[in-house]
Amino acid sequence: MTTHPDPVRETPEAFPAAAPQAAEPDAATAVPPTAPAQPAPAAWTDGVDTVPRAAGTPGELQPYPELGLKDDEYDRIRQILSRRPTQAELAMYSIMWSEHCSYKSSKVHLRQFGEKAPPSERLLAGIGENAGVVQVSDELAVTFKVESHNHPSFVEPYQGAATGVGGIVRDILAMGARPVAVMDPLRFGAADHPDTARVLTGVVAGVGGYGNCLGLPNIGGELVFDPSYQGNPLLNALCLGVLPVNRLQNKAAAGPGNVVVLMGAKTGRDGIGGVSVLASATFDEGSEERRPSVQVGDPFMEKLLIEACLELYDAELVVGIQDLGGAGLTCALTETAAAAGTGMRVWLERVPLREPSMEPHEILASESQERMLLVVEPEKLDAVLKTAEKWGVWATAIGEVTAPAPDGQPGRLVITWRDQLVVDVPPGSLVDDGPVYARPMREPADLILLQADRAETLPRPTDPEALRETVLRMIASPNLADKTWVTEQYDRYVLGNTVLAQPEDSGVIRIDERTGLGVALSVDGNGRYARLDPYHGTKLALAEAYRNVAVAGATPIAVTNCLNFGSPEDPAVMWQFAEAVRGLADGCAELGIPVTGGNVSFYNQTGAAAIHPTPVVGVLGVLENVADRVPMGFVPRPEGDHDHLYLL
Amino acid sequence: MTARVGVVTFPGSLDDGDAARAVRIAGAEPVRLWHGDPALHGVDAVVLPGGFSYGDYLRCGAIARFAPVMESIVDAARGGLPVLGICNGFQILCEAHLLPGALTRNQHLHFRNRDQVLRIETVGTAWTNAFQPGQEVLIPVKNGEGCYVADAATLDQLEAEGRVVARYLGGNPNGSQRDIAAITNEAGNVVGIMPHPEHAVEELTGPSLDGLGFFTSALKHLVGAPA
Amino acid sequence: MPRVVVDVMLKPEILDPQGQAVANALPRLGVSDVASVRIGRRIEIEFTGEPDLDRAREIADKLLANPVIEDFTVRLVEADETAGTRS
Amino acid sequence: MPRVVVDVMLKPEILDPQGQAVANALPRLGVSDVASVRIGRRIEIEFTGEPDLDRAREIADKLLANPVIEDFTVRLVEADETAGTRS
Ligand SMILES: Nc1ncnc2c1ncn2[C@@H]1O[C@H](COP(=O)(O)OP(=O)(O)O)[C@@H](O)[C@H]1O
Numbered sequence: 026m027t028t029h030p031d032p033v034r035e036t037p038e039a040f041p042a043a044a045p046q047a048a049e050p051d052a053a054t055a056v057p058p059t060a061p062a063q064p065a066p067a068a069w070t071d072g073v074d075t076v077p078r079a080a081g082t083p084g085e086l087q088p089y090p091e092l093g094l095k096d097d098e099y100d101r102i103r104q105i106l107s108r109r110p111t112q113a114e115l116a117m118y119s120i121m122w123s124e125h126c127s128y129k130s131s132k133v134h135l136r137q138f139g140e141k142a143p144p145s146e147r148l149l150a151g152i153g154e155n156a157g158v159v160q161v162s163d164e165l166a167v168t169f170k171v172e173s174h175n176h177p178s179f180v181e182p183y184q185g186a187a188t189g190v191g192g193i194v195r196d197i198l199a200m201g202a203r204p205v206a207v208m209d210p211l212r213f214g215a216a217d218h219p220d221t222a223r224v225l226t227g228v229v230a231g232v233g234g235y236g237n238c239l240g241l242p243n244i245g246g247e248l249v250f251d252p253s254y255q256g257n258p259l260l261n262a263l264c265l266g267v268l269p270v271n272r273l274q275n276k277a278a279a280g281p282g283n284v285v286v287l288m289g290a291k292t293g294r295d296g297i298g299g300v301s302v303l304a305s306a307t308f309d310e311g312s313e314e315r316r317p318s319v320q321v322g323d324p325f326m327e328k329l330l331i332e333a334c335l336e337l338y339d340a341e342l343v344v345g346i347q348d349l350g351g352a353g354l355t356c357a358l359t360e361t362a363a364a365a366g367t368g369m370r371v372w373l374e375r376v377p378l379r380e381p382s383m384e385p386h387e388i389l390a391s392e393s394q395e396r397m398l399l400v401v402e403p404e405k406l407d408a409v410l411k412t413a414e415k416w417g418v419w420a421t422a423i424g425e426v427t428a429p430a431p432d433g434q435p436g437r438l439v440i441t442w443r444d445q446l447v448v449d450v451p452p453g454s455l456v457d458d459g460p461v462y463a464r465p466m467r468e469p470a471d472l473i474l475l476q477a478d479r480a481e482t483l484p485r486p487t488d489p490e491a492l493r494e495t496v497l498r499m500i501a502s503p504n505l506a507d508k509t510w511v512t513e514q515y516d517r518y519v520l521g522n523t524v525l526a527q528p529e530d531s532g533v534i535r536i537d538e539r540t541g542l543g544v545a546l547s548v549d550g551n552g553r554y555a556r557l558d559p560y561h562g563t564k565l566a567l568a569e570a571y572r573n574v575a576v577a578g579a580t581p582i583a584v585t586n587c588l589n590f591g592s593p594e595d596p597a598v599m600w601q602f603a604e605a606v607r608g609l610a611d612g613c614a615e616l617g618i619p620v621t622g623g624n625v626s627f628y629n630q631t632g633a634a635a636i637h638p639t640p641v642v643g644v645l646g647v648l649e650n651v652a653d654r655v656p657m658g659f660v661p662r663p664e665g666d667h668d669h670l671y672l673l
Numbered sequence: 089m090t091a092r093v094g095v096v097t098f099p100g101s102l103d104d105g106d107a108a109r110a111v112r113i114a115g116a117e118p119v120r121l122w123h124g125d126p127a128l129h130g131v132d133a134v135v136l137p138g139g140f141s142y143g144d145y146l147r148c149g150a151i152a153r154f155a156p157v158m159e160s161i162v163d164a165a166r167g168g169l170p171v172l173g174i175c176n177g178f179q180i181l182c183e184a185h186l187l188p189g190a191l192t193r194n195q196h197l198h199f200r201n202r203d204q205v206l207r208i209e210t211v212g213t214a215w216t217n218a219f220q221p222g223q224e225v226l227i228p229v230k231n232g233e234g235c236y237v238a239d240a241a242t243l244d245q246l247e248a249e250g251r252v253v254a255r256y257l258g259g260n261p262n263g264s265q266r267d268i269a270a271i272t273n274e275a276g277n278v279v280g281i282m283p284h285p286e287h288a289v290e291e292l293t294g295p296s297l298d299g300l301g302f303f304t305s306a307l308k309h310l311v312g313a314p315a
Numbered sequence: 003m004p005r006v007v008v009d010v011m012l013k014p015e016i017l018d019p020q021g022q023a024v025a026n027a028l029p030r031l032g033v034s035d036v037a038s039v040r041i042g043r044r045i046e047i048e049f050t051g052e053p054d055l056d057r058a059r060e061i062a063d064k065l066l067a068n069p070v071i072e073d074f075t076v077r078l079v080e081a082d083e084t085a086g087t088r089s
Numbered sequence: 003m004p005r006v007v008v009d010v011m012l013k014p015e016i017l018d019p020q021g022q023a024v025a026n027a028l029p030r031l032g033v034s035d036v037a038s039v040r041i042g043r044r045i046e047i048e049f050t051g052e053p054d055l056d057r058a059r060e061i062a063d064k065l066l067a068n069p070v071i072e073d074f075t076v077r078l079v080e081a082d083e084t085a086g087t088r089s
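Protein chains in written order, with this note's numbering: chain Z, 26 to 673; chain V, 89 to 315; chain F, 3 to 89; chain E, 3 to 89.
Fair warning: there could be bad hints in the mix.
[What the hints assert, rightly or not] Distance condition first, Cα-Cα at most 30 Å in a straight line; then the derived DSS-like pairs of lysine-lysine:
id, chain 1, residue 1, chain 2, residue 2
1, Z, Lys291, Z, Lys405
2, Z, Lys291, Z, Lys411
3, E, Lys64, Z, Lys291
4, E, Lys64, E, Lys13
5, F, Lys64, Z, Lys508
6, Z, Lys415, E, Lys64
7, E, Lys64, F, Lys13
8, E, Lys13, F, Lys13
9, E, Lys13, F, Lys64
10, F, Lys64, F, Lys13
11, F, Lys13, Z, Lys291
12, Z, Lys291, Z, Lys415
13, Z, Lys415, Z, Lys405
Note that these hints are calculated values from the structure, not bench results.
Modelling step: build the complete structure from the supplied sequences, incorporating the hints.
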């Protein structure tokens, strides 16, 4: 699952083969009406809402609307549990059924990526995994994915960008790969707006700071200024990883009796955000200021986590692994169990806490960074803990995998907190049975006008003076200017395998020093084109990234994408989104390469004004030998035989 | 006999693999040393690589100085073992008082990565004897805290004793005093350098092959040194 | 001349990787009785005229501290508590 | 429980680019009466038992400050001067 706590972001976690019929929320299956609400008691006996208590107080008022759940969604939860959810369960459903995690608005469209994709023998893991994995030689595979961390990067640019990088790196790590490079497509408001100075400098320092501390070369990205991003900048981060084919990991919590281990940083009140209403709506007054919605990253911890995980993989010590991201433990526990059809028993008080006063729902919702969930055979637990200790990271057994029900039904996720039962749910109900919406779509009303204003009608420079003016104006445009101020703040040399990086058309990384095997990567997007025509604008972004990879001398083989849009509840935005997805799926079919993963970021808007629809497309290509790469400059030849120029 | 050159890995080291690769390309055998293990495993020279040892949140190199392996290295360096500290390694050598002065935040406050021209000011060290005096080399620089500072007396002494090993040419990337990019101890066996010679050892991945000279120098030095 | 000192610390619930790294290093120095270390910034402001606490507070709020993750305090100190003197 | 605070500041003769950057930004905020800004670190140490000034001084000397470029002071403060309280 995603590692980014962006409230407006989700991962293409599940594109179920037999997806529920797309339906408007109110058309959901019959659900018993909610019992008439009674006010919550002034104080609970010991502050924890337990399962028996929930069963005994069916009418207790719960703040589900504040958590973003609709009436019918809440009713559905009650139906699944045959009672009202506990406070902790409510927090879990609200997280997992959010747009961010459930893909409830995008699912019906994203399905096309699978349906239209050309068959690929290289694909070892595709959409639905933490990141797509493609095989590039008999022994080696690469994995790559781009994700957004837009909103946090506006609120606290340095930490937002830093944890954005940290999150995508853990996605790549969870597949069994060593992360080897990052890229960062960025969008900011007007270059001369005072707030841009705050956001741009913070974001660039954050991307650089986190990546540098991990030792990942930055091999490219984008830097675009446009007023539509003023109140909603875009921080998309791409990570590339390399793994031996047989080291591929998966997230399934298989094998009843196996131990569930939480590894990495301690859990704090990071990014608890909306879930804090659970406490403030009940008894914990004055706690508001203890609840940051900002996560602070610790890249050093992440570096240790990377080394520790890779050592565990190589020693074959883990059965399953999942990174913790935007939905924290909730997501990791439910997804690993649901993927295996098993159940899980978790002792929540075993989770190492940064703040001892944390409550069960806070622990389950915490977005603390730099954590991974491992599933380990009991006899290997000691070796796992030793490896963690060697690298100086926490590792704690917090639970165990339990068997599916005797009738073959999936197991249940059972969580206690100091001997009190606080969660008892079917994990699949959080992961796979979330709502799915076919949102209304309508072409934006101004589109006809925009399209009527064609480039051909623009005045052309007619004399040398006007031409000179035009050239000067273009040179002065921040969008065409040199990107060195940004790229100098990134390390492009670390790891010693960077063959091409900025200012080249694509980044090229050598992944096998013996054979010279390497990959080329480019990320591209154009919000202005997509605003004018989302279908073709998205195809153009794909074509640009594809070309950039091809001109570096590589054969394009796989696509990732990050779809940055406004609110899906706005029919015009939903139309843009649908068109963009259709464009990307069609483009990929025409070019014959599959989408292997990606990310959707909705609600990128300020008030009612959405950003330009901004699909960012990443294309990965293979070079059998990086010595054959084609740099973009001309090569002076000692023999004096000059390069020929061709325009295609 | 091939020389054995130790490359230390601290938690947070990043360029350790690159340093080991450079050692190999230069014709020596890299030996990985672990921060928590005081044993030097009989190596003939040591490289302290770049990165962020222990996170370096407090001050670069401050915590690494107390690593068990450092105690052995400090002793061995006093006995003449060639030690090269690159970037974070340079910071650690200063913190460990094997080299004078300190490395502080870049004057412009940004991390900076660029290809940098250096002038080799002395070839009388274990790590620069393969160069020509005054030779100009092109090597990547990449750091956030690479601004070398020391009091005037120390700087004067370094100059007077010919212990400034390399200087930045064509623009000082971090504000270092007197454009200092690398210095050495009195004996010339310990060298700290802020730019990254290990990133300039292969045509495909570096801006030049100039970095190799630092590593071949050590081999030359070892051959010349009494066993 | 007294100066204004602004102390900026991460809010208590925010992760402090710096302090944690130092705390983890202490046992190696033989120090085992430290429960926690938090690291923040200390900013000394010298005014051309009289030290101005309100002005300092404004500077702290706008420039020195990041209110999203940090708290600050502003106070006057006499010269002898300021830097340069070593205890 | 009182804590030990270690204040680490660059020596006066060492250039402080961060402090200077802040000082240079002040006129843009309409502040013109600041003569200088120096930025250092404030470290709060909590001991498991009684706060131990000598121990703190030792930690500061070995780890927290670099005597080549920095000075430090060590002092006890009551809880109310420490972070989290906003003036
Ligand atoms: N945010 C960024 N991070 C890293 N590299 C970047 C970033 N923005 C631009 N670049 C790099 O700078 C170079 C020039 O960018 P750009 O002018 O957008 O190239 P092009 O117009 O050829 O796509 C490219 O190599 C690109 O990857």
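Against the structure, the hints come out as follows:
1. Lys291/Z with Lys405/Z: Measuring from Cα to Cα gives roughly 22 Å; hence the hint holds.
2. Lys291/Z with Lys411/Z: 18 Å, holds
3. Lys64/E with Lys291/Z: OK: Lys64/E and Lys291/Z at ~28 Å, within 30 Å.
4. Lys64/E with Lys13/E: 17 Å, holds
5. Lys64/F with Lys508/Z: 29 Å, holds
6. Lys415/Z with Lys64/E: 25 Å, holds
7. Lys64/E with Lys13/F: Roughly 27 Å between the alpha carbons, so the hint for Lys64/E and Lys13/F holds.
8. Lys13/E with Lys13/F: 28 Å, holds
9. Lys13/E with Lys64/F: 26 Å, holds
10. Lys64/F with Lys13/F: 17 Å, holds
11. Lys13/F with Lys291/Z: 17 Å, holds
12. Lys291/Z with Lys415/Z: 17 Å, holds
13. Lys415/Z with Lys405/Z: OK: Lys415/Z and Lys405/Z at ~16 Å, within 30 Å.
Checked against the numbered hints listed earlier, the structure breaks none of them; every hint is satisfied.
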